[in-house]
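Take the sequence shown: its letter number 228 is residue 228 in my numbering, and every next letter is one higher.
Heads up, a few of these hints could be off.
List time: in silico SDA-like cross-link candidates among lysine to any residue, alpha-carbon distance up to 20 Å [what the hints assert, rightly or not]: (1) Lys233 - Lys342; (2) Lys233 - His129; (3) Lys242 - Asp162; (4) Lys342 - Thr364; (5) Lys152 - Leu208; (6) Lys360 - Asp328; (7) Lys338 - Arg319; (8) Lys213 - Val147; (9) Lys360 - Gln316; (10) Lys233 - Ser138; (11) Lys338 - Pro313; (12) Lys374 - Phe362; (13) Lys408 - Glu373; (14) Lys213 - Ser282; (15) Lys144 - Arg249; (16) Lys342 - Arg367; (17) Lys113 - Asp162; (18) Lys342 - Lys237; (19) Lys242 - Ser231; (20) Lys342 - Pro356; (21) Lys360 - Ile329; (22) Lys360 - Pro412; (23) Lys213 - Tyr406; (24) Lys342 - Arg371; (25) Lys152 - Trp116.
I should point out that these hints are in silico values taken from the structure, not numbers from a laboratory.
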Amino acid sequence: MGSFLSQETGRDMFSGLPVELLGYIISLLLPSDVANLRLMSKYFALLGRQGLFNGRLTLRIYRDDMLRLRGISECPWLAACIQEIEIFVADTDLYRFHEYNREVPEDILAELKNAWTSACMNGSGVFCHEILFATAFSSFTNVKSVVMTSTKFPLEYLARGDCLRPTWRYMVERDRDRDYSRRELNNFLYDRRTARFPSFVLSARAYLPPLTKLIFDPFPIEALVQTDLISMKEGMKTTVLKEMIMLCRPLGHLHITFDGSYSGKHHDGPSIGRMIADFLGSLQHVRILELAFPLGRFTAPGYIEKIFGVSLPCLQIFRLERIRAPPDILLSFLLRHKATIKELRLSSTALLFSKPSELKDFMTLLRDSLRLEKFEMFDWDPKEEMLWVEERCQDPGEMSRGLEKYAKSEGPWPHGAGLSLAGARSL
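Use the sequences and the hints to build the structure in full.
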(Lines of atoms letter the chains of each structure in order from A and count residues from 1; the text may use other names and numbers.)
(Lines give C-alpha, C1' and ligand atoms only; values in the text may rest on other atoms or scores of the structure.)
Protein backbone atom coordinates (compact mmCIF):
# COMPACT_ATOMS: atom_id res chain seq x y z
CA MET A 1 0.00 0.00 0.00
CA GLY A 2 2.90 2.32 0.67
CA SER A 3 3.56 2.90 -2.99
CA PHE A 4 0.15 4.58 -3.33
CA LEU A 5 0.79 7.00 -0.45
CA SER A 6 3.12 9.97 -0.19
CA GLN A 7 5.82 9.16 2.37
CA GLU A 8 5.78 12.77 3.56
CA THR A 9 2.06 13.45 3.87
CA GLY A 10 0.41 10.03 3.70
CA ARG A 11 -1.81 11.43 0.93
CA ASP A 12 -3.23 9.00 -1.63
CA MET A 13 -1.18 9.56 -4.81
CA PHE A 14 -4.26 8.91 -6.98
CA SER A 15 -6.16 11.80 -5.43
CA GLY A 16 -4.47 14.32 -7.74
CA LEU A 17 -5.37 12.53 -10.98
CA PRO A 18 -8.25 13.68 -13.20
CA VAL A 19 -11.16 11.28 -13.42
CA GLU A 20 -10.55 10.78 -17.18
CA LEU A 21 -6.89 9.81 -16.67
CA LEU A 22 -7.76 7.45 -13.86
CA GLY A 23 -10.37 5.84 -16.08
CA TYR A 24 -7.76 5.33 -18.80
CA ILE A 25 -5.33 3.71 -16.32
CA ILE A 26 -8.08 1.38 -15.13
CA SER A 27 -8.90 0.40 -18.72
CA LEU A 28 -5.40 -1.09 -18.99
CA LEU A 29 -5.65 -3.20 -15.83
CA LEU A 30 -6.92 -6.70 -15.30
CA PRO A 31 -10.19 -6.90 -13.35
CA SER A 32 -8.38 -8.45 -10.37
CA ASP A 33 -5.95 -5.52 -10.32
CA VAL A 34 -8.86 -3.07 -10.39
CA ALA A 35 -10.38 -4.82 -7.39
CA ASN A 36 -7.05 -4.63 -5.54
CA LEU A 37 -6.69 -0.96 -6.44
CA ARG A 38 -10.10 -0.28 -4.94
CA LEU A 39 -8.90 -1.81 -1.67
CA MET A 40 -5.54 -0.05 -1.63
CA SER A 41 -6.60 3.45 -2.64
CA LYS A 42 -9.15 5.27 -0.50
CA TYR A 43 -9.55 7.96 -3.16
CA PHE A 44 -10.26 5.34 -5.78
CA ALA A 45 -12.80 3.61 -3.55
CA LEU A 46 -14.60 6.88 -2.76
CA LEU A 47 -14.58 7.87 -6.42
CA GLY A 48 -16.84 4.91 -7.04
CA ARG A 49 -18.31 4.08 -10.42
CA GLN A 50 -17.77 7.49 -11.97
CA GLY A 51 -14.10 6.85 -12.64
CA LEU A 52 -14.22 3.20 -13.58
CA PHE A 53 -13.38 2.76 -17.29
CA ASN A 54 -15.08 6.15 -17.83
CA GLY A 55 -18.20 3.99 -18.07
CA ARG A 56 -16.96 2.30 -21.27
CA LEU A 57 -15.56 -1.16 -21.90
CA THR A 58 -13.54 -1.50 -25.12
CA LEU A 59 -12.94 -4.82 -26.87
CA ARG A 60 -10.15 -5.29 -29.43
CA ILE A 61 -8.74 -8.41 -31.00
CA TYR A 62 -5.18 -7.15 -30.49
CA ARG A 63 -5.42 -7.41 -26.70
CA ASP A 64 -6.75 -9.91 -24.18
CA ASP A 65 -10.01 -8.01 -24.02
CA MET A 66 -12.28 -11.06 -24.19
CA LEU A 67 -10.58 -12.31 -21.01
CA ARG A 68 -11.12 -8.87 -19.51
CA LEU A 69 -14.77 -9.04 -20.52
CA ARG A 70 -15.19 -12.33 -18.69
CA GLY A 71 -13.23 -11.13 -15.68
CA ILE A 72 -15.31 -7.96 -15.33
CA SER A 73 -18.55 -9.91 -15.71
CA GLU A 74 -17.51 -12.14 -12.82
CA CYS A 75 -17.19 -9.08 -10.55
CA PRO A 76 -20.75 -7.67 -10.21
CA TRP A 77 -19.80 -4.30 -8.70
CA LEU A 78 -17.30 -3.79 -11.54
CA ALA A 79 -19.72 -4.89 -14.28
CA ALA A 80 -22.29 -2.43 -12.91
CA CYS A 81 -19.89 0.42 -13.79
CA ILE A 82 -20.11 -0.27 -17.53
CA GLN A 83 -22.63 1.86 -19.42
CA GLU A 84 -21.23 1.50 -22.95
CA ILE A 85 -19.48 -1.34 -24.77
CA GLU A 86 -17.29 -0.47 -27.76
CA ILE A 87 -16.21 -3.33 -30.04
CA PHE A 88 -13.53 -2.90 -32.69
CA VAL A 89 -14.89 -5.72 -34.76
CA ALA A 90 -12.45 -5.86 -37.69
CA ASP A 91 -9.11 -7.64 -38.01
CA THR A 92 -6.52 -5.27 -39.40
CA ASP A 93 -3.46 -7.04 -40.78
CA LEU A 94 -0.95 -5.20 -38.64
CA TYR A 95 1.95 -6.48 -40.73
CA ARG A 96 0.75 -4.08 -43.41
CA PHE A 97 1.97 -1.19 -41.29
CA HIS A 98 5.45 -2.41 -42.22
CA GLU A 99 4.49 -2.53 -45.89
CA TYR A 100 3.08 1.02 -45.81
CA ASN A 101 5.43 2.41 -43.19
CA ARG A 102 5.11 6.19 -43.26
CA GLU A 103 7.89 7.09 -40.84
CA VAL A 104 6.41 5.00 -38.04
CA PRO A 105 9.01 4.38 -35.29
CA GLU A 106 10.49 0.90 -35.27
CA ASP A 107 9.48 0.25 -31.65
CA ILE A 108 5.83 0.95 -32.53
CA LEU A 109 6.03 -1.38 -35.53
CA ALA A 110 7.53 -4.09 -33.29
CA GLU A 111 4.69 -3.65 -30.80
CA LEU A 112 2.16 -3.97 -33.63
CA LYS A 113 3.84 -7.13 -34.87
CA ASN A 114 3.65 -8.69 -31.41
CA ALA A 115 0.00 -7.70 -31.04
CA TRP A 116 -0.94 -9.20 -34.40
CA THR A 117 0.98 -12.42 -33.71
CA SER A 118 -0.77 -12.76 -30.36
CA ALA A 119 -4.15 -12.13 -31.98
CA CYS A 120 -3.55 -14.74 -34.65
CA MET A 121 -2.38 -17.33 -32.13
CA ASN A 122 -4.70 -16.67 -29.21
CA GLY A 123 -7.44 -14.19 -29.93
CA SER A 124 -9.00 -14.75 -33.34
CA GLY A 125 -10.93 -17.89 -32.39
CA VAL A 126 -12.58 -16.48 -29.28
CA PHE A 127 -12.97 -12.83 -30.20
CA CYS A 128 -16.69 -11.94 -30.23
CA HIS A 129 -17.59 -15.59 -29.65
CA GLU A 130 -21.31 -15.84 -28.90
CA ILE A 131 -20.84 -18.09 -25.86
CA LEU A 132 -18.41 -15.63 -24.26
CA PHE A 133 -20.78 -12.78 -25.04
CA ALA A 134 -23.75 -14.67 -23.63
CA THR A 135 -21.89 -15.60 -20.45
CA ALA A 136 -20.73 -12.06 -19.82
CA PHE A 137 -23.62 -9.87 -20.99
CA SER A 138 -26.05 -10.97 -18.28
CA SER A 139 -23.83 -9.23 -15.71
CA PHE A 140 -23.86 -5.84 -17.47
CA THR A 141 -27.09 -4.55 -16.00
CA ASN A 142 -26.42 -0.85 -16.67
CA VAL A 143 -25.30 -0.96 -20.31
CA LYS A 144 -27.34 1.44 -22.42
CA SER A 145 -25.13 1.90 -25.48
CA VAL A 146 -23.10 -0.33 -27.81
CA VAL A 147 -20.71 0.65 -30.62
CA MET A 148 -19.51 -1.89 -33.21
CA THR A 149 -17.01 -0.35 -35.62
CA SER A 150 -14.41 -1.29 -38.17
CA THR A 151 -13.82 2.29 -39.33
CA LYS A 152 -12.72 3.94 -36.09
CA PHE A 153 -8.97 4.11 -35.49
CA PRO A 154 -8.33 1.12 -33.19
CA LEU A 155 -4.81 1.75 -31.91
CA GLU A 156 -5.02 4.90 -29.83
CA TYR A 157 -4.37 2.83 -26.71
CA LEU A 158 -0.71 2.42 -27.81
CA ALA A 159 1.86 4.89 -26.62
CA ARG A 160 2.38 7.35 -29.47
CA GLY A 161 -0.39 5.53 -31.34
CA ASP A 162 -1.42 8.72 -33.15
CA CYS A 163 1.60 8.41 -35.43
CA LEU A 164 -0.16 5.42 -37.02
CA ARG A 165 -3.23 7.36 -38.11
CA PRO A 166 -1.98 8.39 -41.60
CA THR A 167 -1.02 4.81 -42.44
CA TRP A 168 -4.29 3.49 -40.99
CA ARG A 169 -6.27 5.87 -43.17
CA TYR A 170 -4.29 4.87 -46.25
CA MET A 171 -4.97 1.20 -45.50
CA VAL A 172 -8.70 1.85 -45.19
CA GLU A 173 -8.67 3.54 -48.58
CA ARG A 174 -6.72 0.68 -50.19
CA ASP A 175 -9.16 -1.87 -48.77
CA ARG A 176 -11.84 -0.36 -51.01
CA ASP A 177 -9.74 -0.89 -54.12
CA ARG A 178 -11.15 -3.92 -55.95
CA ASP A 179 -7.83 -4.50 -57.74
CA TYR A 180 -5.80 -4.55 -54.58
CA SER A 181 -3.34 -7.47 -54.68
CA ARG A 182 -4.19 -8.73 -51.17
CA ARG A 183 -7.91 -9.06 -51.93
CA GLU A 184 -7.92 -12.76 -50.99
CA LEU A 185 -6.72 -11.95 -47.47
CA ASN A 186 -9.18 -9.06 -47.25
CA ASN A 187 -12.04 -11.40 -48.20
CA PHE A 188 -11.04 -13.79 -45.44
CA LEU A 189 -10.85 -11.01 -42.85
CA TYR A 190 -14.15 -9.55 -44.06
CA ASP A 191 -15.93 -12.91 -43.78
CA ARG A 192 -14.56 -13.39 -40.29
CA ARG A 193 -15.69 -9.90 -39.30
CA THR A 194 -19.14 -10.54 -40.77
CA ALA A 195 -19.56 -13.69 -38.66
CA ARG A 196 -19.14 -11.64 -35.48
CA PHE A 197 -22.31 -9.62 -36.02
CA PRO A 198 -24.81 -12.49 -35.64
CA SER A 199 -22.90 -13.57 -32.51
CA PHE A 200 -23.34 -10.13 -31.00
CA VAL A 201 -26.96 -9.66 -32.09
CA LEU A 202 -28.10 -13.03 -30.72
CA SER A 203 -26.36 -12.65 -27.36
CA ALA A 204 -27.13 -8.94 -26.90
CA ARG A 205 -30.84 -9.44 -27.60
CA ALA A 206 -30.97 -12.29 -25.09
CA TYR A 207 -28.82 -10.96 -22.24
CA LEU A 208 -28.19 -7.20 -22.39
CA PRO A 209 -30.75 -4.80 -20.87
CA PRO A 210 -32.83 -2.72 -23.33
CA LEU A 211 -30.47 -0.39 -25.19
CA THR A 212 -31.09 3.28 -25.92
CA LYS A 213 -28.23 3.82 -28.40
CA LEU A 214 -26.63 1.50 -30.94
CA ILE A 215 -23.95 2.19 -33.56
CA PHE A 216 -23.10 -0.25 -36.35
CA ASP A 217 -20.39 1.25 -38.54
CA PRO A 218 -20.77 -0.69 -40.73
CA PHE A 219 -23.27 -3.59 -40.60
CA PRO A 220 -22.64 -6.14 -43.40
CA ILE A 221 -25.56 -7.07 -45.63
CA GLU A 222 -24.10 -10.59 -45.60
CA ALA A 223 -24.90 -10.74 -41.88
CA LEU A 224 -28.39 -9.27 -42.21
CA VAL A 225 -29.53 -11.96 -44.66
CA GLN A 226 -28.45 -14.90 -42.49
CA THR A 227 -31.17 -17.38 -41.54
CA ASP A 228 -31.42 -20.77 -39.81
CA LEU A 229 -30.12 -19.45 -36.50
CA ILE A 230 -31.24 -20.47 -33.02
CA SER A 231 -32.42 -17.75 -30.67
CA MET A 232 -30.55 -17.70 -27.37
CA LYS A 233 -33.59 -16.33 -25.58
CA GLU A 234 -36.38 -18.62 -26.79
CA GLY A 235 -34.31 -21.50 -28.17
CA MET A 236 -36.30 -21.40 -31.40
CA LYS A 237 -35.32 -21.00 -35.05
CA THR A 238 -34.73 -17.37 -35.95
CA THR A 239 -32.98 -15.00 -38.37
CA VAL A 240 -30.62 -12.08 -37.95
CA LEU A 241 -33.37 -9.75 -39.19
CA LYS A 242 -35.83 -10.91 -36.51
CA GLU A 243 -33.20 -10.61 -33.79
CA MET A 244 -32.18 -7.15 -35.03
CA ILE A 245 -35.77 -5.96 -34.93
CA MET A 246 -36.20 -7.10 -31.34
CA LEU A 247 -32.80 -5.77 -30.27
CA CYS A 248 -33.37 -2.32 -31.81
CA ARG A 249 -37.06 -1.86 -31.00
CA PRO A 250 -36.49 0.19 -27.80
CA LEU A 251 -33.72 2.38 -29.29
CA GLY A 252 -33.86 6.15 -29.17
CA HIS A 253 -30.69 6.58 -31.27
CA LEU A 254 -29.51 4.33 -34.11
CA HIS A 255 -26.53 4.87 -36.37
CA ILE A 256 -26.18 2.13 -39.01
CA THR A 257 -24.10 1.96 -42.16
CA PHE A 258 -25.14 -0.93 -44.37
CA ASP A 259 -22.22 -2.37 -46.27
CA GLY A 260 -21.25 -5.47 -48.19
CA SER A 261 -19.89 -7.09 -51.33
CA TYR A 262 -16.24 -7.48 -50.43
CA SER A 263 -16.19 -10.92 -52.03
CA GLY A 264 -18.10 -9.99 -55.15
CA LYS A 265 -21.55 -10.80 -53.76
CA HIS A 266 -24.17 -8.18 -54.56
CA HIS A 267 -27.37 -8.23 -52.56
CA ASP A 268 -29.39 -5.75 -54.58
CA GLY A 269 -33.06 -5.72 -55.38
CA PRO A 270 -36.47 -5.31 -53.80
CA SER A 271 -36.05 -8.33 -51.48
CA ILE A 272 -33.22 -6.64 -49.56
CA GLY A 273 -35.16 -3.40 -49.73
CA ARG A 274 -38.07 -5.11 -47.99
CA MET A 275 -35.75 -6.49 -45.30
CA ILE A 276 -34.26 -3.08 -44.56
CA ALA A 277 -37.72 -1.48 -44.69
CA ASP A 278 -39.06 -4.04 -42.21
CA PHE A 279 -36.13 -3.32 -39.92
CA LEU A 280 -36.42 0.47 -40.14
CA GLY A 281 -40.21 0.33 -39.79
CA SER A 282 -39.81 -1.40 -36.41
CA LEU A 283 -38.00 1.62 -34.92
CA GLN A 284 -41.11 3.16 -33.45
CA HIS A 285 -39.23 4.86 -30.59
CA VAL A 286 -36.20 6.15 -32.47
CA ARG A 287 -35.62 9.90 -32.21
CA ILE A 288 -32.19 10.04 -33.88
CA LEU A 289 -31.62 7.99 -37.04
CA GLU A 290 -28.34 8.07 -38.98
CA LEU A 291 -28.23 5.97 -42.16
CA ALA A 292 -25.59 5.28 -44.78
CA PHE A 293 -25.46 2.83 -47.69
CA PRO A 294 -22.77 1.55 -50.08
CA LEU A 295 -22.49 4.11 -52.83
CA GLY A 296 -23.56 2.86 -56.22
CA ARG A 297 -24.95 -0.49 -55.07
CA PHE A 298 -28.32 0.33 -53.51
CA THR A 299 -29.75 2.35 -56.37
CA ALA A 300 -32.57 0.17 -57.74
CA PRO A 301 -35.80 2.24 -57.57
CA GLY A 302 -37.78 -0.59 -56.00
CA TYR A 303 -35.09 -0.89 -53.36
CA ILE A 304 -35.06 2.79 -52.38
CA GLU A 305 -38.84 3.22 -52.48
CA LYS A 306 -39.34 0.47 -49.91
CA ILE A 307 -36.62 1.81 -47.62
CA PHE A 308 -38.12 5.31 -47.57
CA GLY A 309 -41.70 4.10 -47.39
CA VAL A 310 -41.56 3.64 -43.61
CA SER A 311 -43.09 5.88 -40.94
CA LEU A 312 -41.24 6.66 -37.70
CA PRO A 313 -43.55 8.55 -35.33
CA CYS A 314 -40.81 9.85 -32.99
CA LEU A 315 -38.16 10.85 -35.55
CA GLN A 316 -36.59 14.23 -34.74
CA ILE A 317 -33.05 14.08 -36.16
CA PHE A 318 -32.28 12.40 -39.48
CA ARG A 319 -28.89 11.94 -41.15
CA LEU A 320 -28.42 10.28 -44.54
CA GLU A 321 -25.31 9.42 -46.55
CA ARG A 322 -24.40 7.54 -49.70
CA ILE A 323 -27.59 6.18 -51.23
CA ARG A 324 -28.22 8.59 -54.14
CA ALA A 325 -31.95 8.67 -53.53
CA PRO A 326 -34.16 10.42 -56.11
CA PRO A 327 -35.27 13.74 -54.60
CA ASP A 328 -38.98 12.96 -54.86
CA ILE A 329 -38.63 9.72 -52.87
CA LEU A 330 -36.59 11.37 -50.11
CA LEU A 331 -39.00 14.32 -50.02
CA SER A 332 -41.93 11.94 -49.60
CA PHE A 333 -40.20 10.43 -46.56
CA LEU A 334 -39.38 13.82 -45.06
CA LEU A 335 -42.89 15.20 -45.59
CA ARG A 336 -44.29 12.13 -43.86
CA HIS A 337 -42.33 13.20 -40.78
CA LYS A 338 -42.74 16.97 -41.01
CA ALA A 339 -44.62 17.11 -37.70
CA THR A 340 -41.64 15.74 -35.73
CA ILE A 341 -38.40 16.21 -37.67
CA LYS A 342 -36.28 19.12 -36.44
CA GLU A 343 -32.79 18.45 -37.78
CA LEU A 344 -31.72 17.16 -41.18
CA ARG A 345 -28.17 16.33 -42.20
CA LEU A 346 -27.36 15.08 -45.70
CA SER A 347 -24.17 14.24 -47.49
CA SER A 348 -24.13 15.39 -51.09
CA THR A 349 -24.00 11.70 -52.06
CA ALA A 350 -27.36 11.10 -50.36
CA LEU A 351 -29.23 12.49 -53.38
CA LEU A 352 -29.27 11.80 -57.11
CA PHE A 353 -29.76 14.94 -59.19
CA SER A 354 -29.76 14.92 -62.98
CA LYS A 355 -28.91 18.64 -63.13
CA PRO A 356 -27.76 21.30 -60.63
CA SER A 357 -31.08 23.21 -60.74
CA GLU A 358 -32.87 20.26 -59.10
CA LEU A 359 -31.05 20.99 -55.85
CA LYS A 360 -32.81 24.35 -55.58
CA ASP A 361 -36.19 22.74 -56.26
CA PHE A 362 -35.51 20.21 -53.51
CA MET A 363 -34.41 22.86 -51.03
CA THR A 364 -37.37 25.10 -51.82
CA LEU A 365 -39.81 22.30 -51.04
CA LEU A 366 -37.95 21.66 -47.77
CA ARG A 367 -38.21 25.33 -46.88
CA ASP A 368 -41.90 25.56 -47.69
CA SER A 369 -42.94 22.25 -46.08
CA LEU A 370 -40.75 21.68 -43.02
CA ARG A 371 -39.85 23.79 -40.03
CA LEU A 372 -36.26 22.75 -39.56
CA GLU A 373 -34.20 24.01 -36.65
CA LYS A 374 -30.96 22.78 -38.21
CA PHE A 375 -29.92 21.75 -41.72
CA GLU A 376 -26.53 20.65 -43.04
CA MET A 377 -25.35 19.36 -46.40
CA PHE A 378 -21.78 18.11 -46.57
CA ASP A 379 -19.85 17.64 -49.78
CA TRP A 380 -17.82 14.69 -48.50
CA ASP A 381 -14.87 13.35 -50.40
CA PRO A 382 -15.79 9.69 -51.19
CA LYS A 383 -12.71 8.57 -49.24
CA GLU A 384 -13.85 10.62 -46.26
CA GLU A 385 -17.11 8.68 -46.08
CA MET A 386 -15.21 5.47 -45.40
CA LEU A 387 -13.87 6.90 -42.15
CA TRP A 388 -15.33 7.04 -38.67
CA VAL A 389 -17.44 10.17 -38.42
CA GLU A 390 -15.13 11.79 -35.88
CA GLU A 391 -12.18 11.29 -38.25
CA ARG A 392 -13.75 13.46 -40.95
CA CYS A 393 -13.63 17.18 -41.46
CA GLN A 394 -16.45 18.50 -39.31
CA ASP A 395 -16.75 22.03 -40.74
CA PRO A 396 -19.81 22.11 -43.06
CA GLY A 397 -18.46 25.12 -44.94
CA GLU A 398 -19.99 28.36 -46.11
CA MET A 399 -22.17 26.73 -48.76
CA SER A 400 -23.84 24.46 -46.19
CA ARG A 401 -24.46 27.44 -43.92
CA GLY A 402 -26.02 29.31 -46.84
CA LEU A 403 -28.28 26.34 -47.61
CA GLU A 404 -29.31 26.14 -43.96
CA LYS A 405 -30.37 29.81 -43.98
CA TYR A 406 -32.36 29.17 -47.14
CA ALA A 407 -34.04 26.07 -45.66
CA LYS A 408 -35.01 28.10 -42.57
CA SER A 409 -36.26 31.08 -44.63
CA GLU A 410 -33.49 33.23 -43.17
CA GLY A 411 -31.59 34.01 -46.37
CA PRO A 412 -31.60 33.90 -50.19
CA TRP A 413 -30.53 31.01 -52.36
CA PRO A 414 -26.71 30.77 -52.19
CA HIS A 415 -25.21 31.50 -55.60
CA GLY A 416 -23.54 28.48 -57.23
CA ALA A 417 -24.82 25.95 -54.73
CA GLY A 418 -25.79 23.32 -57.30
CA LEU A 419 -22.39 23.47 -58.97
CA SER A 420 -20.33 23.54 -55.80
CA LEU A 421 -21.89 20.37 -54.38
CA ALA A 422 -20.50 18.21 -57.16
CA GLY A 423 -21.24 14.97 -55.35
CA ALA A 424 -24.96 15.70 -55.46
CA ARG A 425 -25.03 15.38 -59.25
CA SER A 426 -25.49 12.17 -61.12
CA LEU A 427 -22.24 10.34 -61.98
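Broken hints, by number
1, 3, 5, 9, 18, 20 and 23
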